[in-house]
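J.: The lines below spell out each chain.
2 protein chains.
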Amino acid sequence: MHTNIVQLTRYFSYSSVLRFTEEVFLSVGFSSADAELSARLLTRADIRGIDSHGVARLSGYVRLIKAGRLNPEPQFNWSGRFPVLRTLDADQSIGFVSAHAAMSECISMAEKFGCAMVAVNNSNHFGIAGQYSLMAAEKGLVGMAFTNASPLVAPTHSLDRMLGTNPISIAIPSQKSKPFVLDMATTTAANGKLEILQRKKQEAPSGWIQKSDGTISKDPNELKAGGALRPLGSFEELGSHKGYGLGSMVDILSGVLTGANFGPWVPPFVAFLPLAAENVGKGIGHFFIAFRPDGFMEQDLFLERMEKWMTAFRSSQKIGDEDVMVPGDPEWALEKQRLAEGIPLLPSVVDDLNQLATEFGLSQPEPI
Amino acid sequence: MHTNIVQLTRYFSYSSVLRFTEEVFLSVGFSSADAELSARLLTRADIRGIDSHGVARLSGYVRLIKAGRLNPEPQFNWSGRFPVLRTLDADQSIGFVSAHAAMSECISMAEKFGCAMVAVNNSNHFGIAGQYSLMAAEKGLVGMAFTNASPLVAPTHSLDRMLGTNPISIAIPSQKSKPFVLDMATTTAANGKLEILQRKKQEAPSGWIQKSDGTISKDPNELKAGGALRPLGSFEELGSHKGYGLGSMVDILSGVLTGANFGPWVPPFVAFLPLAAENVGKGIGHFFIAFRPDGFMEQDLFLERMEKWMTAFRSSQKIGDEDVMVPGDPEWALEKQRLAEGIPLLPSVVDDLNQLATEFGLSQPEPI
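For the record, the sequence lines run as chains H and G. My numbering numbers the first residue of the first sequence as -9 and each following residue consecutively. My numbering numbers the first residue of the second sequence as -9 and each following residue consecutively.
Any given hint could be a false lead.
Since the list can't tell identical chains apart, any single copy or any two copies may satisfy a pair.
[Said to hold, decoys possible] Using 20 angstroms as the maximum straight-line C-alpha spacing, the simulated PhoX-like pairs for lysine-lysine come out as follows: (1) K298 x K272; (2) K208 x K190; (3) K272 x K214; (4) K201 x K308.
If you are wondering where the hints come from, they were derived from the structure by calculation, not from laboratory data. No experiment lies behind these values; they were computed from the predicted model shown.
Turn these sequences into a full structure, and let the hints steer you where they fit.
T.: Here it is in structure tokens:
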């Protein structure tokens, strides 16, 4: 990391960041249950090291509420014709509350019937996808979570921003190890990583970004100048059409199938950007899947096999000094570290939180 | 394509290739129903332009039968505790027959209950994944198909071949367009593309292959010299851990969860390579998912929204002359062309088929 940034980064205890976040949500009109839940799920990103999706976004959610795009007191409306498939119209809820309700319902249907799926429309951004998949894994099930997001990504051969960074996540329980948690944007890098490069005035690797004319650029500012992110694979010869295909799958599951907006019509996260002229659905959408491994074999045998899988991969031969990890390992390590040592926040994020404190008459979070 | 190869490529009608393939399967002891089905599903790859997975592999399947690794007369054994989740022990069946039976069962459970999943173990390679997903889409459902495969791919930071090219596929019906069909290896390129480069003595793009010491190579022969394929993303800075994560997800769904072998223990497709010293399950495994879009909204509305999605993406602004396509478009175009104009076969593939003709006393397929 850039030296100045490291020097200026300060550490805050998880409990103080959590408390402050909850107070902000209470201040903008959330019920106490929704404020508690949203604060816990938002700051989970900070604990797990996905800093771009944590309290750095708190003021963004507040602005969406002020702009009338996020409803602090949503009334959920459920529908469906099958006991294993349900749709939730989330009434412009913050994504944390709607996604948590949706995955809870999905898990309880899957526990009863074996597998289940829930589609959510009329929602907003839900933070990190992996924590919803993980809700299932913590109950011994396999969970998957998807969401669409503001269009920033150009399809292969295209100039236009048609897809969000649309994450895929799956969590799978194991015997002794913490669950396998894959949680990945379907681009080379999440937008948050680009924002960090912009702040540090550093170049991006070739393959992350294209300019407004479609040529490759290393300048992270090109994204704001009409360029686009490139899908996972980056170049046609390295399979960028596959990243595009995966992002498309997520958009169709989360947007087309749920009744939400999709593709270029997905509303932007930042309140200062206008909504698309046309709505093709309601808000943004999420999609959840849960199922019982013991529908296929005894649960103990499955967990034992999963542990064997994890051990085999972790102990495969290293190329250099870096460990071979399995998906989720880096986040579990950070979670342990940050709960003990605190959460590092950049100066711009601390300023942002202090402004919210002033605005709502709250005590600022105190660094450790 | 290399000039000599193009000059020597000959075209065969689909019906003659199909008939010949069926006769070969009959000759090695398949029932007439299984021979017909296997021939149709194997040659579907040739029609759809995935030449590496078509009749080029016919002699490979015959060798597996001779080696006692593929059972021409399997007895299927179904199990399960939920009406929506079932496991199939395929008794060393060819993958075409077991995957077709599994997806048929998955569709019929999903039609009745809304969504369903089928796990298959003790199977063999099933050709192209997309055709099983497509079975669901042709009935108005969303279908997904996964399989694990012979270990060729090294995890990020690893020297070892731990994963197959493990495809992800999803097919989604639309209103007027042919279904959306994503069918992708979770590597930068499928192994078949590398075999073509070897034959043509051409270099591979940097990022497809690593040498036995883990360094990047452009020489496609390095794979046989102890190297490995790299996951989608190719380089750490371009997100190779994501391709590794996706390949892992496919291996866990198809292998760990089904009772099949997984990771480095998956049996090789080629009969001349020995099986792993240890078995951690039975054969190779597949995993299938199907669900009803009308569990979430009216089917007509869903199909209309899906058509709008496809139209928007196809009509987004092009960078150069190449069209912006949606997943499945290239294969639908090839299918139309090849049914009309015939299937191009390389000289080595024709030789292979002619040897099978001699061995089993069949008439050789005749070029157009």
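J.: Taking 20 angstroms as the upper bound on the Cα-Cα distance, should K272 and K214 be classified as within, between, both, or neither?
T.: Neither way: K272 and K214 sit 26 angstroms apart in one copy and 52 angstroms across, limit 20 angstroms.
J.: At most 20 angstroms between C-alpha atoms: does K208 with K190 qualify within a copy, between copies, both, or neither?
T.: For K208 and K190, the Cα distance is within 20 angstroms only inside one copy (14 angstroms; across copies 34 angstroms).
J.: Cα distance capped at 20 angstroms. Does K201 pair with K308 within a copy, between copies, both, or neither?
T.: between (37 angstroms within a copy, 13 angstroms between copies)
J.: How do K298 and K272 come out at 20 angstroms by Cα distance, when the copy is not named: within, between, both, or neither?
T.: between (44 angstroms within a copy, 15 angstroms between copies)
Checked against the numbered hints above, the structure breaks only hint 3 and satisfies the rest.
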